[in-house]
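Protein chains: 2
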Amino acid sequence: MRPGEHVVVVGFGPVAARFVDDVADLAAAGTIRLTVIGGETEPAYNRVLVGEHAMGRAELATMRLADPESLARSGIDVLLGTEVTRIDRARRLLHVTDRATGGSERLGYDRLVLATGARPNLPVLRGLNPDPQAYEHLPAGVTALRDLRDARAVRAVVERRGRVVVLGGGVLGLEAALAAGEAGCPVTVVHHAPWVMTRSLDTAGGALLGRALAEAGVEVFSGAQAREVLLDEDRRFRGLLLQDGREVPGELLLLSVGVTPRTELAEGAGLRTARGVVVDHELEADVEQRVFAIGDCAEVLCPDPSCQVCPGRAGRGPAGLVGPGWRQAEWLAARVRAELEAVAEGGTTVLAPLTEGPAGAVRLKAHQVELACAGAVGGPPWEPRPDGGSVVQWADGSAGTYAQLVLRPDRTLAGYVVLGLPRAAAEIGLLHERGEAVPEDPSVLLRLDGPDAGAGERPATPESTVCHCAGVSMGRITHAVGEGAATVEEVGRATRAATGCGGCKAAVARIIDAHTPAPA
Amino acid sequence: MRPGEHVVVVGFGPVAARFVDDVADLAAAGTIRLTVIGGETEPAYNRVLVGEHAMGRAELATMRLADPESLARSGIDVLLGTEVTRIDRARRLLHVTDRATGGSERLGYDRLVLATGARPNLPVLRGLNPDPQAYEHLPAGVTALRDLRDARAVRAVVERRGRVVVLGGGVLGLEAALAAGEAGCPVTVVHHAPWVMTRSLDTAGGALLGRALAEAGVEVFSGAQAREVLLDEDRRFRGLLLQDGREVPGELLLLSVGVTPRTELAEGAGLRTARGVVVDHELEADVEQRVFAIGDCAEVLCPDPSCQVCPGRAGRGPAGLVGPGWRQAEWLAARVRAELEAVAEGGTTVLAPLTEGPAGAVRLKAHQVELACAGAVGGPPWEPRPDGGSVVQWADGSAGTYAQLVLRPDRTLAGYVVLGLPRAAAEIGLLHERGEAVPEDPSVLLRLDGPDAGAGERPATPESTVCHCAGVSMGRITHAVGEGAATVEEVGRATRAATGCGGCKAAVARIIDAHTPAPA
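For the record, the sequence lines run as chains A and B. For the first sequence, the residue numbers in this note's numbering are 4 to 523. For the second sequence, the residue numbers in this note's numbering are 4 to 523.
Just to be clear, a hint being listed does not mean it is correct.
What the hints assert, rightly or not - Pairwise CB distance ranges, derived in the manner of DEER restraints: (1) B/Arg152 x A/Gly391: 44 to 50 Å; (2) B/Glu466 x A/Asp413: 43 to 49 Å; (3) B/Glu270 x A/Arg249: 52 to 58 Å; (4) A/Glu267 x B/Pro389: 52 to 58 Å; (5) A/Arg249 x B/Gly226: 38 to 44 Å; (6) A/Gln246 x B/Pro389: 51 to 57 Å; (7) A/Asp413 x B/Arg152: 51 to 57 Å; (8) B/Asp516 x A/Gly391: 41 to 47 Å; (9) A/Asp134 x B/Pro389: 46 to 52 Å; (10) A/Gln371 x B/Gly485: 57 to 63 Å; (11) A/Gln228 x B/Pro389: 28 to 34 Å; (12) A/Pro412 x B/Glu270: 56 to 62 Å.
Said to hold, decoys possible - What the simulated footprint calls covered on chain B by chain A, stretch by stretch (three residues with Cβ under 8 Å from a Cβ of chain A suffice, anywhere in the stretch; the number is not a length): (13) 240 to 254; (14) 437 to 447.
Unchecked claim - Derived contacts from chain A toward chain B, CB cut-off under 10 Å, selection only: (15) Trp385; (16) Val394; (17) Val395; (18) Gly400; (19) Tyr405; (20) Arg450.
Calculated directly from the structure, the hints in this document are not laboratory data. Even glycine gets a Cβ: it sits at the ideal position worked out from N, Cα and C.
This is chain A alone, in the form it adopts within the complex:
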């Protein structure tokens, strides 16, 4: 990377926006030229909150991640409603098309950052066009709740408390189902696996989560194969037909059957793709270091099996979490800056490698159900673990609480599931994140949610992570509060805390309350 180079970012989602934000000063100073190309006509917004927006819980104003006018003032070119149809790596040209006018042009680049994200999977069902490009032509009342247009359609149904069918029992489907249920909609979740959140939960956790969903009023059809989308004469969704002949009626079908990285541009350009655009741990998609990929479209799959930075790493696709993508965007921006500084100062680039943290925690964000899980899913505690580790399990069928800790031989956590025990979940999450050993008697963790709750709770330290999406510590938040930030939004502007999934907003508010300097 040399001064004056043209960096083009393809995609304008949260991860692209973070990268742009982090190098905006370089563009403003004229050190680099920066262009960002978004397919939607909307500038970047927090896609993680689309579901919240659909349920009437998040307003668009709080979801904006970029202000095109201020970007333009920094000298950044922002192309919205624009599709990149081809990458010509030989000539370093992009073929771009204006979606509204259909007009095409070519755009040169020196470095290309692919942040094309992922697209929702479309299930193979009678009545649905399975072509992923057909997403925009789904029947009315069928949506994957991916963008603001979808959110508006869902919001209309939710506001009149229409009947909702969710296809897919993953975390996002369940969050949508619980939110719709809380908003007063009758909700049915249809999924093919024997229990919900199959990738993250063992049998026990899945069964107890299923019970919690039932208690929250969400009907779940497990082991159910959907066959056909039933449409009325206006081609509006009216119900889902299952293989066994049952009909699940509804006004709205939310598709939540996973996402697939958007790799077609990279494939067309001869870049290596697997599940996503394959990059090494320096996020490089090509050997020339001209093309990078970050966020949900990228798959970190180090070509060198002996690589010391990513030992034992297997390819990892989109996590459904914004945090890892944001950390890639930050790191790539830092790399750009470090390379430019190295050129300016005649030195070499020194940058700590982007190491992968522990597998991000999945938190089911719902008022009715508290679930957190991460990492390896364990079997029953009475079966030996292949790695010589062990499993600890607590299950209270009456209270509906559950905890499963998957311990490595050194008693650090390879994974965990915690349901309905929020304080234990927080502590266990900390142990996992920090690679700390679980207490010799792990039942002490259950005391945190016991009748004398709070006794034994670990006091937060300045290093404690409060916002897992943006990776913001307690110390940075208290510093911002000390500097005058007085609301969650102000802390967010100062630190980015609570600007991701929003799950830490209450925690940030408590920190503000506790640390706001008393008026003189």
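Starting from the known structure of chain A, fit chain B onto it as the hints suggest.
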């Protein structure tokens, strides 16, 4: 029952001995005539300790339950080595045979108390005579460890640390295996079920107990079908051949595949038998109230389904515990006394009915493994209970601890399993015994064995049961200590505490230490 009647007790095991003991004063006073007939030449001894005796842990002197000379001084006829071959109910005569001489005679009775106990089951194996009457002719080195003769044979092998094979994975088989292992013998347990103690433990408990056994050096072959007893040329046991062709070598084969109530006398007399001699809740085996049955030979199976004393009672066979039989013996003796008093005073018999306590707890008595369980075996906590109750489970695969609580809808315990958590087991046992509700957050029970163990432990009250076999409370023991009892044996003579399975000896010793009055 009228004064002067002849009461004949058939059998002279621990339960018969308790009955005889409790009516001995009536015999001494001449109010009744009392005869007790034992098949062994030994007078009653504590059969529960035969296994301990075999392992060299209990000496015969401490196992004696009756002294024939003192009984004779009370005017009680004691016939040892005598077999009852027939009951002639029409003439109220017993046909009896002296086993040594073969001489027969007839013995009249007014009331008959059957306390014939149970005989060990003999497995159907090549090399073993399956006739239950053939028990005394088992090959050398094969025994069910039922009587003192068996114990002496086992003790000889254990003292030279011979290799032991135990057939049967029930509590008695495991206790024998663990004791032999602790005594230095290589031990293998062979059983056909998928996990040990199948009747008392769920999958999880069975698997974790299996791991604990392995850690204690006891080899367990689960799901193994024994096929043949292999004998050497002297017809001594040399190994067990399994269906899959494996050979399990050993010097000693302990058969522990259950017991069957000895009902043949009752059957031959036209009394109703099911699994055992069927008695109602007043222990009557016939409508004439001439024949009673107590202990392991009896099965309480109330003929009246609307009986208020035993609602919903199903027939219950031998429990393998001495406590229930002792309570029957006590109750029947009290009934005899009450009837005689009613005749003397011209009133009617008033006696509280013999109610069945909660299912007795099974405790695996072994130094290496601490297991207690009782009552219903629960399924996984995430499956609904048929009675609307619930299941709570703790399992730590690393520490090998386990607890399963089976809760009724009112949160009292229908059953439990506790492994490796002795203080929690004691408290849970109390909750079960007293029909008390489990705390709303059952995880508080785990604190009892936590790093700050003892905090929250419930102080014993005078009502706490210390000896479960003899049903002796804390209060009775402290009273005996106050009256001068200074050793476990002296407390036993005063209260019968610690005279059953011996599992409470340490507890009694602690109570003596704590309550012995300081020397003046």
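Structure-based check of each hint:
1. B/Arg152 x A/Gly391: 44 to 50 Å: 48 Å, holds
2. B/Glu466 x A/Asp413: 43 to 49 Å: 47 Å, holds
3. B/Glu270 x A/Arg249: 52 to 58 Å: 57 Å, holds
4. A/Glu267 x B/Pro389: 52 to 58 Å: 55 Å, holds
5. A/Arg249 x B/Gly226: 38 to 44 Å: For B/Gly226 against A/Arg249, whose Cβ atoms are near 40 Å apart, the range 38 to 44 Å holds.
6. A/Gln246 x B/Pro389: 51 to 57 Å: 30 Å, violated
7. A/Asp413 x B/Arg152: 51 to 57 Å: 54 Å, holds
8. B/Asp516 x A/Gly391: 41 to 47 Å: Given about 43 Å between the Cβ atoms, the range holds.
9. A/Asp134 x B/Pro389: 46 to 52 Å: 50 Å, holds
10. A/Gln371 x B/Gly485: 57 to 63 Å: 58 Å, holds
11. A/Gln228 x B/Pro389: 28 to 34 Å: 30 Å, holds
12. A/Pro412 x B/Glu270: 56 to 62 Å: 60 Å, holds
13. 240 to 254: violated (count 0)
14. 437 to 447: It holds: at least three residues are needed, and the region 437 to 447 of chain B offers 6 whose Cβ sits within less than 8 Å of chain A.
15. Trp385: 3 Å, holds
16. Val394: 5 Å, holds
17. Val395: 5 Å, holds
18. Gly400: 4 Å, holds
19. Tyr405: 8 Å, holds
20. Arg450: 7 Å, holds
Of the hints listed earlier, those the structure fails to meet are numbers 6 and 13, in rising order.
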